[in-house]
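Colleague: Protein sequences, first through last, are from chains A and B. Using this note's numbering, the final residue of the first sequence is 312, and nothing's skipped along the way. Using this note's numbering, the final residue of the second sequence is 308, and nothing's skipped along the way.
Calculated from the structure, these hints are not laboratory results. Don't take each hint at face value.
Unchecked claim - Simulated pairs of lysine to any residue, SDA-like, Cα-Cα distance not exceeding 25 Å:
| id | chain 1 | residue 1 | chain 2 | residue 2 |
| --- | --- | --- | --- | --- |
| 1 | B | K223 | A | G98 |
| 2 | B | K7 | A | L196 |
| 3 | B | K223 | A | L196 |
| 4 | A | K197 | B | L57 |
| 5 | B | K100 | A | N143 |
| 6 | B | K7 | A | L190 |
| 7 | B | K7 | A | K220 |
| 8 | B | K7 | A | I141 |
| 9 | A | K197 | A | Y176 |
| 10 | A | K220 | A | G186 |
| 11 | B | K7 | A | N143 |
| 12 | B | K7 | A | F223 |
| 13 | A | K197 | B | D295 |
| 14 | B | K7 | A | D142 |
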Amino acid sequence: MTVSSVNPTAGGSDGGNYGANNGGDEAVKGISAWGIAWQRIRGDPGAILAASAILLLILVAIFAPQLAPWDPTRPDRAVNFRASPPSAEHWLGTDRAGRDVLSRLIYGARVSLGVGFGSQLLSLVFGVIFGLMAGYFGGWIDNLISRLIEILQAFPSLLLLIVLSVTIGPGLVTAYIALGIVGWAGVARLVRGEALKLKHSDYVEGARALGSRAPRLLFKHVFPGVMPSLIVIYSIGVGGAIIGEATLSFLGLGVQPPTPSWGQMIADGQSYLTTAWWMSVYPGIAIAVVVLAFNFLGDVLRDALDPRMRGL
Amino acid sequence: MTVYILKRLLQAIPVIFGVSVITFILMILVPGDPAQKLLGQRASPEAVDELRARLGLNDPPVRQYLRIMGDVVTGDLGRSVITRESVAEEIRNRFPVTLKLALLAMTFSTVIGVAVGIIAALNQNGFLDRFLMFLTLTGISVPIFWYALIAILIVVFQLRWVPQTGIGDGSLRYFLLPAFVLGTRAAAFIARITRSNMLEVIRQDYIRTANAKGLSKATVTVKHAMRNILIPVVTVIGLDLASFIDGAFLTEFVFNIPGMGRYALDSLLDRDLPVMIPLVIYTATLYIAANLLVDVLYGVIDPRIRYD
Chain A
1 MTVSSVNPTA
11 GGSDGGNYGA
21 NNGGDEAVKG
31 ISAWGIAWQR
41 IRGDPGAILA
51 ASAILLLILV
61 AIFAPQLAPW
71 DPTRPDRAVN
81 FRASPPSAEH
91 WLGTDRAGRD
101 VLSRLIYGAR
111 VSLGVGFGSQ
121 LLSLVFGVIF
131 GLMAGYFGGW
141 IDNLISRLIE
151 ILQAFPSLLL
161 LIVLSVTIGP
171 GLVTAYIALG
181 IVGWAGVARL
191 VRGEALKLKH
201 SDYVEGARAL
211 GSRAPRLLFK
221 HVFPGVMPSL
231 IVIYSIGVGG
241 AIIGEATLSF
251 LGLGVQPPTP
261 SWGQMIADGQ
271 SYLTTAWWMS
281 VYPGIAIAVV
291 VLAFNFLGDV
301 LRDALDPRMR
311 GL
Chain B
1 MTVYILKRLL
11 QAIPVIFGVS
21 VITFILMILV
31 PGDPAQKLLG
41 QRASPEAVDE
51 LRARLGLNDP
61 PVRQYLRIMG
71 DVVTGDLGRS
81 VITRESVAEE
91 IRNRFPVTLK
101 LALLAMTFST
111 VIGVAVGIIA
121 ALNQNGFLDR
131 FLMFLTLTGI
141 SVPIFWYALI
151 AILIVVFQLR
161 WVPQTGIGDG
171 SLRYFLLPAF
181 VLGTRAAAFI
191 ARITRSNMLE
201 VIRQDYIRTA
211 NAKGLSKATV
221 TVKHAMRNIL
231 IPVVTVIGLD
241 LASFIDGAFL
251 TEFVFNIPGM
261 GRYALDSLLD
271 RDLPVMIPLV
281 IYTATLYIAA
291 NLLVDVLYGV
301 IDPRIRYD
């Protein structure tokens, strides 16, 4: 657990510390899961590239209004409201309504990243709470939560996503909720397993002997133990959620027009593949690049933080 | 083993029950009146009401649920609200199409995946290894519906190897491209796990012995090493089964293949309840059964695994 070169920014007490140094004794300074992750990313050119791509895209999403050369929802008169091939004016062409594909891609990043990060945060919060409760308390609480996890995981995820979207009604909020619901079961299952293991570990027993009560025990001592796995799950989960959102939008069940999203743009261009390939090709590349970056990062993090899963 | 299978089957019952209840609740909450849909927007309120009564839509939810489950279990399914076709007959016609697509895709993914994984492992950390691993990660990251569109654009429209999408006369050549598209993701997964497992296996003593007694590299790889990478391949197929089913839905959708996936997706998008409910429950049941089958297969492939 002790790594000699500790990153100064990483040793903080942000809840990610290994070991139980909660009470004054600072003799053994651990390194947080974030610290290990950061060291690993710094040492891997591919990981730096992936992280930079994600960072760049976050900036693009934030500064979309400043960066987009055209209004993403207003057709350009000059191209006669038609799909025009990539040109000096419209670098990636225009869609069949004469709207600038590049600008729509830039605005679409907001939807993709927003839903990706947001829905997985939702999964993480619910997954951690229910997983910790199931693993720690056991008994009927565990039974109830475990059965619910099993049932949710018995649905192929796309099916559940679509059923939820149809039920709640298509839209941005629906995408958040549906992807969040689909994701939490996996997180909860993992957290439950870890909590079960950690429940009887020496340091948790020790904290209990010292009189820690359940909520404090769970979040202060059990939660940090699952932190590394959660970082990995989150990274890969965001990639999956971006594909999930794109799939919903492709089927017309995600974000509704006029707000542009990548999946919707692919669907728009589906009937014009031979005459206006740029309508569908570019948004697909955007999705592939982002998801690849998240998966790559997830891979590197898994090797660093979760050696048991190495190579999967 | 038999005890284990029986136990797993018993455990599956409450899960399938839960799936059906959740499906039913969600379906009831779907906005829109099926009776209205059946009769069209201009139908009189009285006519709609009468049909609602006849379809049993005014019954209490528990009774509706029991009736639907009865129909689902006995296979006595209703008719589509949209096309008026019998659901049971549609399933009979469409299931073989999906089965053909799925089996072909699994064959593709296993053959390509294992081959790529072994080649990568034998070139560990070399250029070819890195390139193949990057390729597999890309294969996992690309959204399948877009990948299918690009495949159609290139193979159907540019190269003209197949005259059109859909299944034409149902002959095998129409299935090749969609099966390849569907199998890609699984192939990428299988390649990655085959590689990492192969790397472990080739460091084992018995492989060194086989090499030392002068067997050719090919013999060692195929006869000694490969047998031991079957388990992870089965694992991956099990782990990634959900994605495979999702992929099949979307592949059929984009390629316009009249299979179960297309049927399910269309019914969901049209909110065609009499089709949706049985299909969702059947798919979930199939998925649970397939998972069980994968677990049992472990024991068949590797006699060291015991079930208690």
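Colleague: If you check each hint against the structure, which ones fail?
Modeller: 1, 3, 4, 5, 7, 9 and 12
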